[in-house]
Amino acid sequence: MTKIDISQIASLSKLKLDESEKKHLSKDLESILDYVDQLKEFNVKSASSKVVSAGQQSNIFRDDKVENSGITHVEIKKNAPKFENDSFMVPGVFE
Amino acid sequence: MELCSLTIKEAAGKLKAKEISSKELVLSIFKQIEKLEPKIGAYITLVKEKAIKMAVESDERRSKGQALSEIDGIPLAAKDIFLTKDVRTTAASKILEDFIPIYESTVTDKLWRAGAVLVGKTNCDEFAMGTSTENSAYNTASSSNSPTRNPWDLNRVPGGSSGGSAAAVAADLCLGAIGTDTGGSIRQPASFCGITGLKPTYGRVSRRGIVAMASSFDQAGPMTKTVEDAAILLKYIAGEDRYDSTSVKKDVPDYYNKLDTNIKGLKIGLIKEFIETGLDQDVKEVILKGVKTLEGLGAEIHEVSMPILKYALSIYYILMPAEVSSNMARYDGIRYGLSKIKERDFSGTIEDVYEDSREDGFGQEVKRRIMLGSYVLSAGYYDAYYKKAQKVRSIVIQEFNKLFHQYDLLISPVSPEPAFLAGEKISDPLAMYLADVMTVPANPAGIPGISIPAGFVEREKKRLPVGMQLLGSSWSEQLILNTSFAFQSETNWHKEKPIVS
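So the sequence lines, in the order shown, correspond to chains A and B.
Per our numbering, the very first residue in the first sequence carries number 1489; after that it's consecutive.
Per our numbering, the very first residue in the second sequence carries number 135; after that it's consecutive.
Heads up, a few of these hints could be off.
[As the list claims (entries may be wrong)] If you want the footprint, here are the derived chain A segments under chain B, 3+ residues with CB under 8 Å:
1. 1495-1504
2. 1570-1582
[What the hints assert, rightly or not] Far from chain A, by Cβ distances over 12 Å, these chain B residues were calculated:
3. Lys182
4. Pro235
5. Val382
6. Tyr390
7. Ser439
8. Lys474
9. Asp494
10. Gln524
11. Leu568
12. Arg593
13. Glu594
Everything labelled a hint here was simulated from the structure, so no lab data went into it.
Note that the Cβ used here is the ideal one computed from N, Cα and C, for glycine as well.
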């Protein structure tokens, strides 16, 4: 049975959970992790352990050049909670 | 016959022959919406005025002989996960309640450039996370506390996550729709609502402007009344996009005009693992009957075994949440979306704004997946979960490739059961996840798959549709469509309509 530290995961996830959420989310997560633990029984042989992706097999590059997206500050401001002097306003990062 | 019950192909023919106008079509759709939408709740946002305006413009183009394409004037619905410029896009989340996109998704942009008309934005599970549309933050069916209802039985879910799109197509609330499929979100609701739903190859359709759930799995596709309509729409939405580097530069065939019912000698593998265990007996009968029909058309069908499929769901429920936890990080209450920055009035730190906004804005399933993702990516667990799952994912891809050397297509049910009752699984997330078992494998492998109506089962005196799934190798959309078209030329299941009561 998997045991998790729900407060630590919530903090990594930038989620503030109340006590009842913590309780039932722990239970949900543990039962899901118990299910996916079946992967542990699958033995990946070293020969076949290279990672193949589902999409195209090569990287796509473009020139590192700034392009005009056509989107202006005025438009961006419409959805911004706090926007002044063409900038997003945020409280301090440190206390 | 009401115009709203036409297929895209039929309506396009009548528009071309000038028997009807796009405005008449759109008004017929909105008349049907007025009648049925309160019961079904397929839409989060309806844009009647905009739709009529787009239709009138289409009619003007056509009268001047300047129709943009065969779908000019066709009213379509878009899952509320495609960004639509100046039309609210919520992803069925409270965190995007007032979000008005400032650019258009490539898929919808291509449709409007071809002259199609937007009816509205359909309901879905929050950020497409779910299989019943019950995870939506928007209850749009008026007389219920469950978001969207199945037109075949209003006590049941339409499937998910593209449940609103599927219900809207089934109930003639649009002529066709587009959805997205990360683990079955096009195919499973298509099966539950008795329509056709195609998940294209990863990279066939651009993901730009689609609210991302799990970026290495997400793919958009058509949800329609017939295979012919799916073929028509796919041509318009497919193709490379310089703004999505995972979209692939490859010619887009004229899928519709290339439809061919000749499937003689086609080799199809019937996936043993999905037929033998955990399958509803009535659903099994429908699928085996479907197999017989394909055999009657000349296909050779053999049982195949793919033991690794046993692990596909585990791979998916490790990798998908990992990608979810990264993609959801952008909802922070700073740049757009629901924010608690003003309530905080600059007391506390930026961290408090993140946490307060996310706590209030995200629903339970989203939180569950973010946390699951954070866990499998965290130090000490990354190798055992994430890395291991990526390796097994690679083996799944290789195993599919091997099978597709022997078989042209694979066949299975779409879902182990018909549409379930609203509320039946909502309190048990693992049970909800297990409902995905037959659709999920296509997504980690990136291969295309379709759900087509194959028959009905009876539950509590209601007829419920059952979908049959065809999977093909990457870029085999034409073959999948041809085989499905052959099936629909031989059967009438796709022509049945729900009587909404």
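Each hint tested on the structure:
1. 1495-1504: Per the Cβ count (7), the hint holds.
2. 1570-1582: holds (count 8)
3. Lys182: holds (23 Å)
4. Pro235: violated (8 Å)
5. Val382: For B:Val382, whose nearest Cβ neighbour in chain A is about 5 Å away, the distance does not exceed 12 Å, so it is violated.
6. Tyr390: At roughly 26 Å from the nearest Cβ of chain A, B:Tyr390 sits farther out than 12 Å, so the non-interface label holds.
7. Ser439: With a cut-off of 12 Å, B:Ser439 remains clear of chain A, as the shortest Cβ separation is near 16 Å.
8. Lys474: violated (9 Å)
9. Asp494: For B:Asp494, whose nearest Cβ neighbour in chain A is about 9 Å away, the distance does not exceed 12 Å, so it is violated.
10. Gln524: violated (5 Å)
11. Leu568: Its Cβ does come within 12 Å of chain A, the nearest being 8 Å, so this is violated.
12. Arg593: holds (27 Å)
13. Glu594: holds (29 Å)
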